[in-house]
Amino acid sequence: MSAPEIPAAASIIIVSNLIKQFGRFVALRGVNAAFAAGKLYVILGDNGAGKTTLLRALAGLAQPTRGEVSILGKNPREACRDIGYMAHPSLLYDEMSGLENLRYFARLYDIAGDGRCQEVIRLVRLDPELTRPVGQYSQGMRQRMSLARAILHDPGILFLDEPFSNVDVRSAREMVELLTSMRDAGKTIFVVTHQAALLESGADEFVWMQAGQIVERTSGLASSPSRAGAE
Amino acid sequence: MKRAFPILAVLTALLLTYSTYQALVIAPTERTMGDVQRIFYYHVPSAWTAFCLFFVNLIGSLIYLVRKSSKADALAVAAAEVGVVFCTIVLITGPIWARPVWGIWWTWDLRLTLTLVLWLIYVSYLVLRRFSDSSQTPKLAAVLAVFGALDVPLVYFSIWFFRTQHPQPVIGGGGSLDPRMLHAFLINLFAFSCFGAMVCWWRYRLELLHREVEEMESLESLRGVTQ
Amino acid sequence: MSPLRSITLATLMKDIRLEWRSRDAINSMLFFSLLVVVIFSFSFDPNAEESREIAGGLIWVAFLFAAVVALNQTWARELRNQVLDAYRASPAPANALFVAKALGNFILVSLLEAVMAPLFMIFYNLRALGPAWQLIPVAILGTWALVVNGTFFAAMSLRTRSREIMLPLLLFPISIPAVQSMVEATRILLAGDGSARFWIVLLLTYDVVFTTACLALFETILQAE
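Protein chains in written order, with our numbering: chain A, 41 to 271; chain B, 32 to 258; chain C, 3 to 227.
Chain A extracted, bound-state conformation (with noise of 0.2 Å):
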């Protein structure tokens, strides 16, 4: 059940023999890659396999130790208007309304007016009137703000690193769609999770990582024997 292959002219990222290094731990280890555009991508692993050091790496959050990370034919720092980025925690102030973390993080991209960002809280079925500081939000309200946070500046492409993680079942099915409809608009989406059944019928290609490596890509949710076989 492995993926066809991606042929070169399509793929928009390319990760070259990532090596990623704190002091003495290793966290990839020569991770070798090629995505393309328009896909919902899942990326699975048990803890410590690499993922958020991954996804950090494709953000331009995390330098490689060795290595090249390459996005639109631009290193990630140089494409940052194209990339959105979300965490378990939420990047947002927590003193700050939902709209008010907002209209700051409009500034940053260089996005006048408030039309926009009442749109996107608008989009992740939240009220833009909501003059609640984000520290009182549900868990599930935060992570939706916060992907309206990622989603802002209009990005092609995702990163989205445990966005389900303590969600209620309600928002987590909510962003779901959202994300499933822009994946159908065009945009490409990562995600890092536990909980890859919620996106089981909506993505493209489950992309399996263990100790620091990418070791199988497969198109639907059960691994092959491959997988389960190399421990």
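One should not assume that every hint holds.
No farther apart than 20 Å at their CA atoms in a straight line, the calculated lysine to aspartate or glutamate pairs in the EDC-like style are these [said to hold, decoys possible]: (1) A:LYS79 / A:GLU169; (2) B:LYS102 / B:GLU243; (3) B:LYS99 / C:ASP87; (4) A:LYS79 / A:ASP134; (5) A:LYS227 / A:GLU245; (6) B:LYS99 / A:GLU108; (7) A:LYS227 / A:ASP208; (8) A:LYS227 / A:GLU140; (9) B:LYS99 / C:GLU227.
It is worth saying that the hints were derived from the structure and are not from the lab.
Fit chains B and C to the given chain A structure using the hints.
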């Protein structure tokens, strides 16, 4: 290069023997201060060696910032460590000399104060290296070294002006040096420079070996995982 | 307005708004400053003549401690919820963040000084015998000297263990010429003992040199991970 090190080591050993003999036996006893004055042959050369090593650290740090060369960083850490040791010697020998001779433990004269500030800056450099996550240590440490270097002329001027306003006793004093004393002093200066260079070089090689071992260990684990 | 200025301003306003909303931090810092002044007054209880000699030193040491408390906590906000990652991932220039943080710290520390200075003057019966107006450039240049390096080293400390102790450990040695200048200038102006011009010029030089260095190297340490 490999052959040069033992030669330097032997040369240094010979020089140090000769210079110690000069300092403790040949050089005449100072009229007013007595034998304690002989510390001068260690106090000043140590300072000179320390300052040279800190300069080497600056060069290494700059090269690292520009070229990201791991060897430059290894040299920087070696120079900093050995430099701090020599600096400590200066700070200890100063009071040992000053107390019996001038009756004071410490003075805020230019050389001693500058040495103290440099010592503080480089100890903080070493603490930073120890406390930061090793993948970013070279970068942070190199930046700190640059800041330290920018600070030094400012420290110099502030102490210099302070001294003109509040004159301080100077350890070492002015006055001319008996030619035999000068001779002993210069020999010790040269011997200490060689000694400092030798220890720094040794430390540098140790650091390179240490990094090589780490590289091999991580390459091993890289190869260890198939697929 | 150029994007750099606009982002700097937006970040500064955001920080002020956040500081205002969690007023506990400022209140406890103000109280801490008051405590420092009182403790110093108990420890050094000289007559008017002597106090003019040492007040310069005392005031600036007190400011230094208050500044370290303030500096430590301004970056702490960016670490909660990892918000700093959001900034780093955006196209916003690193220097805009630095300038905004430094200005915010400058305002905060100046506020603390505005509380502590009058208290010092009261407890020590201080009166400036020299040209008192010169104390203003000394205060401004001196505070900026502490804040610009303090903000930079606080950001560096984010990447280290024992973050809170790392900041003063890095800051104090490098600040020695600046502190000496502030102390001497204050002493001279209070005692009317000559011209403080050399120290003010040295402070200005220090500020220019290190502001440039911080702006040149901030991006390097921000993106370090």
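Right, here's what the structure says about each hint:
For the suggested pair LYS79 (chain A) and GLU169 (chain A), the alpha carbons sit about 33 Å apart, so the restraint of at most 20 Å is broken. The suggested pairing of LYS102 (chain B) with GLU243 (chain B) holds, with an alpha-carbon distance near 11 Å, which does not exceed 20 Å. For the suggested pair LYS99 (chain B) and ASP87 (chain C), the alpha carbons sit about 24 Å apart, so the restraint of at most 20 Å is broken. Taken as a hint, the LYS79 (chain A) and ASP134 (chain A) pair is broken in the structure, with Cα atoms around 33 Å apart against an allowance of 20 Å.
With a C-alpha separation of about 14 Å, the suggested pair LYS227 (chain A) and GLU245 (chain A) falls inside the 20 Å cut-off, and the hint holds. With a CA separation close to 16 Å, the supplied pair LYS99 (chain B) and GLU108 (chain A) stays within the 20 Å bound. Taking the CA atoms of LYS227 (chain A) and ASP208 (chain A), the gap is about 25 Å. The hint is violated against a cut of 20 Å. Restraint check for LYS227 (chain A) and GLU140 (chain A): the C-alpha separation of about 26 Å exceeds 20 Å, so the hint is violated.
Straight-line distance between C-alpha atoms of LYS99 (chain B) and GLU227 (chain C) comes to about 15 Å, which keeps the hinted pair within the 20 Å bound.
In terms of the numbered hints stated before, the structure departs from hints 1, 3, 4, 7, 8, listed from lowest to highest.
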